[in-house]
Amino acid sequence: MNVANRRWTDDELFAMREQVLQTWPTGSEVDLRDAVEYHKAMADTKRFSKVLASAINNGQTLVQPRAGVPLVENHIELLRYLEQAGADCLPTTIDSYTRQNKYAEAQKGIEESKATGRSMLNGFPAVNHGAGACRKIIESVSVPVQLRHGTPDARLLSEIALAGGYTDIEGGGISYNIPYAKDVSLETTIRDWQYVDRLVGWYNEQGVEINREPFGPLTGTMVPPSVSHAIAIVEALLAAEQGVKFLTLGYGQCGNFAQDIAAILSLKELAREYLEKDGYDVMISTVFHQWMGGFPQDEAKSFGVIGLGAAVAALSGATKIITKTPHEAHGIPTKEANAQGIMASKQIINMLKGQPVPFTPEVQAEKEIIAAETRCILDTVRTMGEGDWAAGTVRAFAAGVLDVPFAPSRYNAGRLLPARDSQGAVRLLDVGNLPFTQEIRDFHRSKLEERGRMEGRNPGFQMVIDDIYAIGKGMLVGKSQGAKK
Amino acid sequence: MNVANRRWTDDELFAMREQVLQTWPTGSEVDLRDAVEYHKAMADTKRFSKVLASAINNGQTLVQPRAGVPLVENHIELLRYLEQAGADCLPTTIDSYTRQNKYAEAQKGIEESKATGRSMLNGFPAVNHGAGACRKIIESVSVPVQLRHGTPDARLLSEIALAGGYTDIEGGGISYNIPYAKDVSLETTIRDWQYVDRLVGWYNEQGVEINREPFGPLTGTMVPPSVSHAIAIVEALLAAEQGVKFLTLGYGQCGNFAQDIAAILSLKELAREYLEKDGYDVMISTVFHQWMGGFPQDEAKSFGVIGLGAAVAALSGATKIITKTPHEAHGIPTKEANAQGIMASKQIINMLKGQPVPFTPEVQAEKEIIAAETRCILDTVRTMGEGDWAAGTVRAFAAGVLDVPFAPSRYNAGRLLPARDSQGAVRLLDVGNLPFTQEIRDFHRSKLEERGRMEGRNPGFQMVIDDIYAIGKGMLVGKSQGAKK
Amino acid sequence: MATIVLGVIGSDVHAIGNKILEYAFTEAGFKVVNLGVLTTKKEFVQAAIETDARAILVSSLYGHGEIDCRGLREMCIEAGIGDILLYVGGNLVVGKQEWEPVRDKFLAMGFDRVFPPATMPDEAIALLKQDLGVS
Amino acid sequence: MATIVLGVIGSDVHAIGNKILEYAFTEAGFKVVNLGVLTTKKEFVQAAIETDARAILVSSLYGHGEIDCRGLREMCIEAGIGDILLYVGGNLVVGKQEWEPVRDKFLAMGFDRVFPPATMPDEAIALLKQDLGVS
Ligand code: B12
Ligand code: B12
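Chains as they are written, first to last, in my numbering: chain A, 1 to 485; chain B, 486 to 970; chain C, 971 to 1105; chain D, 1106 to 1240.
Hint data in this document are derived by calculation from the structure and do not stem from the laboratory. All of these numbers come straight from a predicted model, not from anything done at the bench. Ideal Cβ placement from N, Cα and C applies to all residues, glycine included. Among the hints, a few may not be true.
List of simulated lysine to aspartate or glutamate pairs, EDC-like, C-alpha gap at most 20 Å [as the list claims (entries may be wrong)]:
{"no.": "1", "chain 1": "B", "residue 1": "K525", "chain 2": "B", "residue 2": "E597"}
{"no.": "2", "chain 1": "A", "residue 1": "K353", "chain 2": "B", "residue 2": "E934"}
{"no.": "3", "chain 1": "D", "residue 1": "K1234", "chain 2": "D", "residue 2": "E1183"}
{"no.": "4", "chain 1": "D", "residue 1": "K1201", "chain 2": "A", "residue 2": "E112"}
{"no.": "5", "chain 1": "B", "residue 1": "K730", "chain 2": "B", "residue 2": "D763"}
{"no.": "6", "chain 1": "A", "residue 1": "K353", "chain 2": "B", "residue 2": "E935"}
{"no.": "7", "chain 1": "C", "residue 1": "K1001", "chain 2": "C", "residue 2": "E1093"}
{"no.": "8", "chain 1": "A", "residue 1": "K50", "chain 2": "A", "residue 2": "D183"}
{"no.": "9", "chain 1": "C", "residue 1": "K1011", "chain 2": "C", "residue 2": "E992"}
{"no.": "10", "chain 1": "B", "residue 1": "K838", "chain 2": "A", "residue 2": "D183"}
{"no.": "11", "chain 1": "B", "residue 1": "K964", "chain 2": "C", "residue 2": "D1092"}
{"no.": "12", "chain 1": "B", "residue 1": "K667", "chain 2": "C", "residue 2": "E1093"}
{"no.": "13", "chain 1": "B", "residue 1": "K820", "chain 2": "C", "residue 2": "E1068"}
{"no.": "14", "chain 1": "B", "residue 1": "K958", "chain 2": "C", "residue 2": "E1036"}
{"no.": "15", "chain 1": "C", "residue 1": "K1011", "chain 2": "C", "residue 2": "E1044"}
{"no.": "16", "chain 1": "A", "residue 1": "K479", "chain 2": "D", "residue 2": "D1157"}
{"no.": "17", "chain 1": "D", "residue 1": "K1210", "chain 2": "A", "residue 2": "E112"}
{"no.": "18", "chain 1": "C", "residue 1": "K1066", "chain 2": "B", "residue 2": "E935"}
{"no.": "19", "chain 1": "A", "residue 1": "K136", "chain 2": "A", "residue 2": "D34"}
{"no.": "20", "chain 1": "B", "residue 1": "K599", "chain 2": "C", "residue 2": "E1036"}
{"no.": "21", "chain 1": "A", "residue 1": "K473", "chain 2": "B", "residue 2": "E568"}
{"no.": "22", "chain 1": "D", "residue 1": "K1146", "chain 2": "A", "residue 2": "D34"}
{"no.": "23", "chain 1": "B", "residue 1": "K587", "chain 2": "C", "residue 2": "E1013"}
{"no.": "24", "chain 1": "C", "residue 1": "K1066", "chain 2": "C", "residue 2": "D1092"}
Reference listing, derived: stretches of chain D covered by chain A, where coverage requires no fewer than 3 residues with Cβ under 8 Å from a Cβ of chain A [unchecked claim]:
{"no.": "25", "segment": "1106–1119"}
{"no.": "26", "segment": "1162–1174"}
{"no.": "27", "segment": "1177–1186"}
{"no.": "28", "segment": "1204–1213"}
Some chain C residues judged to face chain B by a derived CB distance under 8 Å, without partners named [as the list claims (entries may be wrong)]:
{"no.": "29", "residue": "I986"}
{"no.": "30", "residue": "K989"}
{"no.": "31", "residue": "V1003"}
{"no.": "32", "residue": "G1006"}
{"no.": "33", "residue": "L1008"}
{"no.": "34", "residue": "G1033"}
{"no.": "35", "residue": "M1045"}
{"no.": "36", "residue": "I1047"}
{"no.": "37", "residue": "A1049"}
{"no.": "38", "residue": "G1065"}
{"no.": "39", "residue": "A1088"}
{"no.": "40", "residue": "L1102"}
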């Protein structure tokens, strides 16, 4: 199968819709005309694009949790509770069976949840519940609600969510494939997400603003900013081509203050640069994900991780932050724990409101290196695709020019070996096939050699493992095993 | 009574000791020769001066809680628990009767605590328990322990603590008077603290290093950095004159990122400048106090306040941080809540370890204004004392040249009216009699007028009140009453 | 308007809430006699007699409230102002404790109203006006 | 050395722990057949038969472990490898739950050992060596 970055015609979209809507009974309930009407009657305060725009204007950082439970009534109760706790926008996080399009298993989970009175699914199975149930959710709260999932093929899910009144959809053909699948080709997911983007574009053309958000953090574990930036920007370009007009680009906290702030600043700038270069006019906002890797077991320590993330997000000027909870290491949070993550984060964000970005020399240096690296990757992707970002992406992944650390997909080269330098910034021990200049390679090597010297050991895979475990052990930079705490 | 800044002779010290040790039976147990021996046998890892010195060398920020309960065994259990939670150094916080030298009432509190099985005192009554009990405490833990109190006349308390093996004493003739007393003259407290400092100096001369720490935050509520810096530096000079060789100077978080970082940087530099100018050779460390004003009622929000404080402390490079707890707004924390404050803070501090101070243009600007203001105050104090810091201090307070917002002492002019500017930095609505240049006065006025314009109201006392309540309501800068959250 | 006596009892030096209460009650029209921090029971009673006050507002923040406040009502009775209104507020006991038992303890000591931490002045002002039958 | 089969069960894509376990068990001398994420019960059993494995190590992080793991032991019995060692670990159920009941639930399903979140590989390696009588 071949995939190209060109806008689908309405005919192409509607031909495929026929099939998509048949894959589960609730699909047939989707009526686009009715959906557009429904959206047009909705208050602007419940529309993501509007709320994001006003946050950008006011220099505000919006607070959004993750949350989803199997049953509609419980999900509504949960969202109301989180709104009460101060969430500026809300999510509906989808369960993992739905993410794999296993609607029958999701149905089993719904029924077992009803029977046992316990959540047997790790999210809200929106397809099974259908668009009507979604509208109930949207109508139960007064802030915008976003679909958050991790679904390689989210065509039906998106149809139902949009008809259900959701105004923002997370995901993308790369970011919801490489970290979330093992055996699905990029051609397939890029095409399936072109569908979603085209559908969003179609809504936009009817005067219904829908925001889209590529999933920035990818595997959430030591992903260098330039790697996630390159992917976010490719997905932005692919979405813009299908007519998406509102985009939130994301980044998962790496832990080093300067690198994290530089990442948010450069993400915005680079995205604008590449979108403009290709002639797209899109509103860009940013989202900072609080620590996406393994959390400490202890709740107070988790509050520490959450607090640092909130502080850096606010200082970086990100438009939105996605919060974690003190239960992160253990399991899906209770609504109380989820609210605690919101409240702790929001306290910090409000305290830092209006304070300027700490633009230090270190931030400037990190910005430059991130920009240089991202351009190396993106420009190679374009060249490989002979100007076509979709074709380029497929070839770049095959060649390891796009490569995500620790990703499960067999379409990912998996050659990168990220490790932290002595100050905790994420660098690359092995740059794999990333098309970096010699200067950039030397920079990474020297940073990690410096750490090696300080720790009296050679940089290697044990360092990577130590870094993965580090936060759980109360630090950012992993100490060599056996070393004292 | 007159007071002068000149070193006491040993005779003067020992003559007064006679009286002091008689004020409560446990005083007679203090044997200096035995105390010196006891200290000399102590491991360096339990000595504050050594642990602080190594923290300075390693760029580490030590974590210390506040903690004290009425009964010896419980206090030991508490400290051990907090050490286990990760405290790098420990406190013994003294109860409020002892602080007012009301040992008989403290005794009643001890007995009622024993009888009811509940803590009836808000701290550890060290005088009543005596030096022997103190040594038990010191021997129960493996990190240094500091005496923390708030006692205008701490002569007996310090004798007992030092004989009991404590290696650090908090307080000073100004910082433990103005915020902690109503009717005690500065001559009295400066003289009583010269006693403590001379005693510490005497120990130093015997080869026993004892650290001293003026109480930086004062009333803990919107104290402008220059005001607390000036007082900390005067106390440092008074202590150094009596032979103190190790000093930790403190600052209570104001909430604005740049102002807080600038405050720690400038505190160190200004102290060194004034101490060197007067020919003292002293090791200087700094302590950052997490938010000292009113806390939010909610525990998760309190974790937010704690988290921001920890992040700023670590980034500022402070040598030590004093932690708060999620119970702050309610009452003396349980040991679990106290441990949570430590763990959340330490997680952040470890994550930021080794990362450079974010030296932004805003930090530079705040540093300059703090330094200019502090010099205005200090130079006037010296002039008023005709070169004598003690006499100068007494006269400066009488004239409102030294002045602490919201302090209970009638020796404090109480003319300052602090309020936050639009970014949350503490400025002065009324500079009272602070000897500021016109330029500095204009700076404060313009900053607050800017906020007034943004909020559409005239700066005034209601703004001050709103700011005091703000953190409790989840923000830093107070919104006008009735305004929406 | 009615005179009230205000102060922070015992060895307690927490001054900030006290300053705000003075301001707020004055703004609300009361004549406030503020004894400030470190005020003894005796000083409260004497000031109330001397100024013919209709209420005594006691603050205790530092945790010793339970010990410090015992006997205040009895002292008022002895001094002949046994039916004066007694309010108390702040962080009344040591530690984070359940509110109801704490309130009951102080009610049993003879206080007419007991206020938890974070009480806003407006609340207390409204209740005091109600209790005094003024507006 | 003994062969073991490793994988993440069901619709679960959490890959990081899996990669570390592969590395750690290999370093410890085991022959590791790593099926990676998104592995079905059937794939586990087939791989164990094909490679003559002595243990199956199942990970489940995402919360559906309870549904996904049911019947694995029975499937092994049917396939004629009924007494193969079965280990399971990760975030086995939805939400933060008390550990003992969770462990017992999985023991009852026929797992030989059940590991809580944050288990370090060394612990499991030591136990596996013990259970297999190797060193
Ligand atoms: C990184 C991460 C992700 C990444 C994964 C990237 C990838 N492809 O690998 C992304 C962002 C994609 C992701 C997605 C999701 N995640 Co996730 N994720 C995490 C997180 C933060 C860290 C996991 C990790 O890598 N840890 C580091 C490794 C080294 O540790 P480990 O995985 O625990 O494995 C170790 C031990 O558990 C043990 N172990 C594991 N298995 C076994 C087996 C045996 C036999 C033994 C002996 C030991 C053992 O050894 C391993 C090595 O030390 C955890 C929370 C946490 N732990 O802090 C949540 C978490 C696992 N995720 C969770 C969920 C729910 C999801 C999602 C459904 C999204 C959502 N609702 O939030 C999707 C699921 C997608 C899917 N279909 O599976 C939940 C599971 C909830 C539950 N059980 O109740 C968690 C616990 C977060 C939470 N509290 O909600 N996630
Ligand atoms: C600032 C502060 C200090 C400053 C005080 C400066 C000064 N001189 O004023 C300093 C640093 C000096 C200090 C010292 C101490 N403090 Co202090 N301090 C605080 C803190 C952080 C804020 C208090 C404050 O100003 N709040 C803002 C004002 C506006 O609110 P407020 O005081 O609560 O008053 C309002 C209401 O309570 C109500 N109210 C109060 N009284 C009354 C009465 C009536 C009738 C009514 C209707 C309403 C009412 O109205 C007020 C106005 O809105 C509180 C914790 C907190 N609240 O977050 C601890 C706190 C009060 N301190 C405490 C303690 C123990 C101490 C010390 C003993 C030191 C120690 N062990 O840590 C010493 C005591 C010294 C002494 N002898 O009193 C404890 C009390 C513990 C308890 N009850 O169990 C607290 C709760 C902290 C804690 N959790 O441990 N403290």
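These are the hints, each one checked on the structure:
Simply put, B:K525 and B:E597 have alpha-carbon atoms about 37 Å apart, too far for the 20 Å limit, and the pair is violated. Proposed proximity of A:K353 and B:E934 is supported: the alpha carbons are some 19 Å apart, at most 20 Å. Our distance criterion of 20 Å between C-alpha atoms is broken by D:K1234 and D:E1183, whose separation comes to about 26 Å. Distance hint between D:K1201 and A:E112 is fulfilled; the C-alpha atoms sit about 19 Å from each other, no more than 20 Å.
Restraint check for B:K730 and B:D763: satisfied, since their Cα atoms lie roughly 14 Å apart, inside the 20 Å limit. Straight-line distance between C-alpha atoms of A:K353 and B:E935 comes to about 16 Å, which keeps the hinted pair within the 20 Å bound. As the CA atoms of C:K1001 and C:E1093 are separated by approximately 18 Å, the hinted pair is consistent with the 20 Å bound. For the suggested pair A:K50 and A:D183, the alpha carbons sit about 38 Å apart, so the restraint of at most 20 Å is broken.
Distance hint between C:K1011 and C:E992 is fulfilled; the C-alpha atoms sit about 19 Å from each other, no more than 20 Å. In summary, the hint linking B:K838 to A:D183 is not supported, as the alpha carbons are separated by about 41 Å, beyond the 20 Å threshold. For a cut-off of 20 Å, the pair hint linking B:K964 to C:D1092 stands: about 17 Å separates their Cα positions. Between B:K667 and C:E1093, the direct Cα distance comes to roughly 29 Å. Violation of the 20 Å bound is thereby established for this hinted pair.
Distance restraint check for B:K820 and C:E1068: the Cα-Cα separation of roughly 17 Å lies within the 20 Å cut-off, and the hinted pair is therefore satisfied. For the suggested pair B:K958 and C:E1036, the alpha carbons sit about 28 Å apart, so the restraint of at most 20 Å is broken. Restraint check for C:K1011 and C:E1044: the C-alpha separation of about 11 Å stays at or below 20 Å, so the hint holds. Note on A:K479 and D:D1157: the hinted pairing is violated, with a Cα-Cα distance of about 38 Å set against a maximum of 20 Å.
As the CA atoms of D:K1210 and A:E112 are separated by approximately 16 Å, the hinted pair is consistent with the 20 Å bound. With a C-alpha separation of about 40 Å, the suggested pair C:K1066 and B:E935 falls outside the 20 Å cut-off, and the hint is violated. At roughly 15 Å between alpha-carbon atoms, A:K136 and A:D34 fall within 20 Å of each other, so this suggested pair holds. For the hint pairing B:K599 with C:E1036, the CA-to-CA distance comes to about 16 Å; that is within 20 Å, so the pair holds.
Restraint check for A:K473 and B:E568: the C-alpha separation of about 17 Å stays at or below 20 Å, so the hint holds. Taking the CA atoms of D:K1146 and A:D34, the gap is near 43 Å; set against the 20 Å cutoff, the hint is violated. For a cut-off of 20 Å, the pair hint linking B:K587 to C:E1013 stands: about 18 Å separates their Cα positions. The suggested pairing of C:K1066 with C:D1092 is violated, with an alpha-carbon distance near 24 Å, which exceeds 20 Å.
Proximity of the segment 1106–1119 of chain D to chain A, defined as three or more residues with a beta carbon under 8 Å from a beta carbon of that chain, is established by the 4 residues found. Counting residues of the segment 1162–1174 of chain D whose C-beta sits closer than 8 Å to any C-beta of chain A gives 5, which meets the bar of three, so the coverage hint holds. Three residues within the 8 Å Cβ limit are the bar, and the segment 1177–1186 of chain D against chain A gives 0, so the coverage statement is violated. Only when three residues or more bring their CB closer than 8 Å to a CB of chain A does the claim for the segment 1204–1213 of chain D stand; here the count is 0, and the claim is violated.
Given the 8 Å rule on beta carbons, the hint for C:I986 holds: about 5 Å separates it from the nearest Cβ of chain B. Taken as an interface hint, C:K989 checks out: its beta carbon lies about 6 Å from the nearest beta carbon of chain B, inside 8 Å. This hint is violated: C:V1003 has a C-beta 16 Å from the nearest C-beta of chain B, more than the 8 Å allowed. Against a cut-off of 8 Å between C-beta atoms, the interface hint on C:G1006 holds, since the closest Cβ of chain B lies about 6 Å away.
At its closest, the beta carbon of C:L1008 sits 5 Å from a beta carbon of chain B; the interface hint therefore holds under the 8 Å criterion. Taken as an interface hint, C:G1033 checks out: its beta carbon lies about 4 Å from the nearest beta carbon of chain B, inside 8 Å. Look at C:M1045: its Cβ only gets to about 17 Å from chain B, farther than 8 Å, so that hint breaks. For C:I1047, the interface hint is violated, the least distance from its beta-carbon to any beta-carbon of chain B being 23 Å, above 8 Å.
Checking C:A1049 against chain B by beta carbon gives a least distance of about 23 Å; that is not within 8 Å, so the hint is violated. With a least beta-carbon distance of about 4 Å to chain B, the hint placing C:G1065 at the interface is held under the 8 Å criterion. The restraint placing C:A1088 at the interface with chain B holds, with a minimum CB-CB distance near 5 Å, inside the 8 Å limit. The interface hint given for C:L1102 is violated, since its Cβ lies 24 Å from the closest Cβ of chain B, which is over the 8 Å cut-off.
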